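Undergrad: Taken in sequence, the protein lines are chains Y and F. The opening residue of the first sequence carries number 1 in UniProt numbering; numbering runs sequentially from there. The opening residue of the second sequence carries number 1 in UniProt numbering; numbering runs sequentially from there.
Source of the hints: derived by calculation from the structure; they are not laboratory data. Keep in mind that the hints are not guaranteed to be accurate.
No copy labels: a pair is met if it fits in one copy or bridges any two.
What the hints assert, rightly or not - Okay, derived cross-link-like pairs now, DSBU-like style, lysine-lysine, Cα gap no bigger than 35 Å in a straight line:
#1 K233 / K33
#2 K136 / K191
#3 K33 / K136
#4 K233 / K136
#5 K136 / K212
#6 K185 / K136
#7 K233 / K185
#8 K212 / K191
#9 K33 / K212
#10 K233 / K212
Nothing here was measured: the structure is a model prediction, and the numbers come from that model.
Protein chains: 2
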Amino acid sequence: MSDERIYTAALVIIGDEILSGRTQDANLAYLAKWLGVQGIRLKEVRVVSDDMDAIADAVNALRVRHDYLFTTGGIGPTHDDITVDAIAAALGREVIVHPDARAILADHYGDQLTDARLRMARTPAGASLIENPRTKAPGIRVENIFIMAGVPMITQGMLAALDGTLEGGAPVLSRTVAAWTQESKVADVLKRTERDNPGVQIGSYPFWREGKTGANFVLRSTSTAQLAEVAEKLMAGLMEIGITPVDGEL
Amino acid sequence: MSDERIYTAALVIIGDEILSGRTQDANLAYLAKWLGVQGIRLKEVRVVSDDMDAIADAVNALRVRHDYLFTTGGIGPTHDDITVDAIAAALGREVIVHPDARAILADHYGDQLTDARLRMARTPAGASLIENPRTKAPGIRVENIFIMAGVPMITQGMLAALDGTLEGGAPVLSRTVAAWTQESKVADVLKRTERDNPGVQIGSYPFWREGKTGANFVLRSTSTAQLAEVAEKLMAGLMEIGITPVDGEL
Chain Y
1 MSDERIYTAA LVIIGDEILS GRTQDANLAY LAKWLGVQGI RLKEVRVVSD
51 DMDAIADAVN ALRVRHDYLF TTGGIGPTHD DITVDAIAAA LGREVIVHPD
101 ARAILADHYG DQLTDARLRM ARTPAGASLI ENPRTKAPGI RVENIFIMAG
151 VPMITQGMLA ALDGTLEGGA PVLSRTVAAW TQESKVADVL KRTERDNPGV
201 QIGSYPFWRE GKTGANFVLR STSTAQLAEV AEKLMAGLME IGITPVDGEL
Chain F
1 MSDERIYTAA LVIIGDEILS GRTQDANLAY LAKWLGVQGI RLKEVRVVSD
51 DMDAIADAVN ALRVRHDYLF TTGGIGPTHD DITVDAIAAA LGREVIVHPD
101 ARAILADHYG DQLTDARLRM ARTPAGASLI ENPRTKAPGI RVENIFIMAG
151 VPMITQGMLA ALDGTLEGGA PVLSRTVAAW TQESKVADVL KRTERDNPGV
201 QIGSYPFWRE GKTGANFVLR STSTAQLAEV AEKLMAGLME IGITPVDGEL
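Please put together the full structure from these sequences, using the hints given.
TA: And the structure:
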């Protein structure tokens, strides 16, 4: 499996409201899972402020390193929505009013299509549109960049519209083994199991619950068969040191 | 106020569990608010995988651009906890077993201080410790970098231990005005109000609730008096175009 082409993506989250702590981002986790289903791995994320240079720098750094780059936030009708301008600047493209986007908004708003609303039809030159089934104002695709809304409900609608349209590889699958233990007690078993089974990554995630210490051990691989085999080995290894494993998540 | 020294910070969130969407980050928003109280502005965030180079590159890019750099994740006892090694490599420092950290762990674990647990006493050479009131294994300060846990409860305890110890400037205050309106209807009023009042930023955050459209307009400034003045102006501007403002958040 290791010779397979691996498809990667990055995300730029745009918005002072995230950096001030006012708004809890909900797009990262949703996008990560959606990408996983498409066989694409989210490899890095940046959160930047509503600032032309900050957005352009992040976009230019990440778009060349990954197959796909997503952005969320800053595509509404107000003065703080500068994502389109920043990405156009990053790509050295002009900003135009996209005729199809204008038609969608004209159809939706009728004679209420004000200048502010028309801002939502602006795209970098040469872009195509991503359908927004929820509130009409479209997302934008330009080169390998997907410009999405900040409001999670809208972004999720746009991702649904993209379902199955992006080329990906084998999805990364996961399987969880758990135990009521301090992770420091099982560190050697985890390390050895990962080392002896190339192609499987094992993450250890401790928790404290009802006064007890436990940990979930998440195995990741593109092979269901390998996941099953290594989960068995890990559970056997835990039992060898006197710890009762749980086959699943705690 | 504009001549005041502005203190900035960045955050590197380390962990495949965030990038896979398995775990929802909760440290960004908490740290952002905590920094705000200290008079420090969180300006950028990166999320990177459990990979030495990815961590080191992010740390080296951000530590020179900001007064403070925080990291969360990857400081436990297991094989996937490589933050200390990556940051030491980024700084060109050796990794040592910190004598004070070793003493804290020895006191806590007694004769159960295994090699795996001793991993949690490793720091870059020349570091100092950040108290962990919850689970003992300390956080680490080296140069302007603060190395914190990934588990939110532990990180919050470490931040409490740092309360009031970092030099900051005037805190950024905020005040919210809201209205049941589409933000596209008020875009001109928002833009004009921000343009006419330097020192105040206005963010517009739309929502849909119970079938109705509304938006919160968040004013940010270091001056309470200016916030009050501009909030009045914004509410007057909204009333001029026939929209009833709410003095507060919806």
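Undergrad: Hint by hint, say whether it matches the structure.
TA: Here is what the structure says about each hint:
1. K233 / K33: within (27 Å within a copy, 44 Å between copies)
2. K136 / K191: between (50 Å within a copy, 23 Å between copies)
3. K33 / K136: Result: close both inside a copy and across copies, 24 Å intra and 34 Å inter.
4. K233 / K136: between (51 Å within a copy, 32 Å between copies)
5. K136 / K212: between (49 Å within a copy, 16 Å between copies)
6. K185 / K136: between (54 Å within a copy, 16 Å between copies)
7. K233 / K185: within (17 Å within a copy, 61 Å between copies)
8. K212 / K191: Answer is within; shortest intra-copy Cα gap is 23 Å, inter-copy 53 Å.
9. K33 / K212: both (29 Å within a copy, 30 Å between copies)
10. K233 / K212: Classified as within: same-chain Cα gap 25 Å, cross-chain 54 Å, threshold 35 Å.
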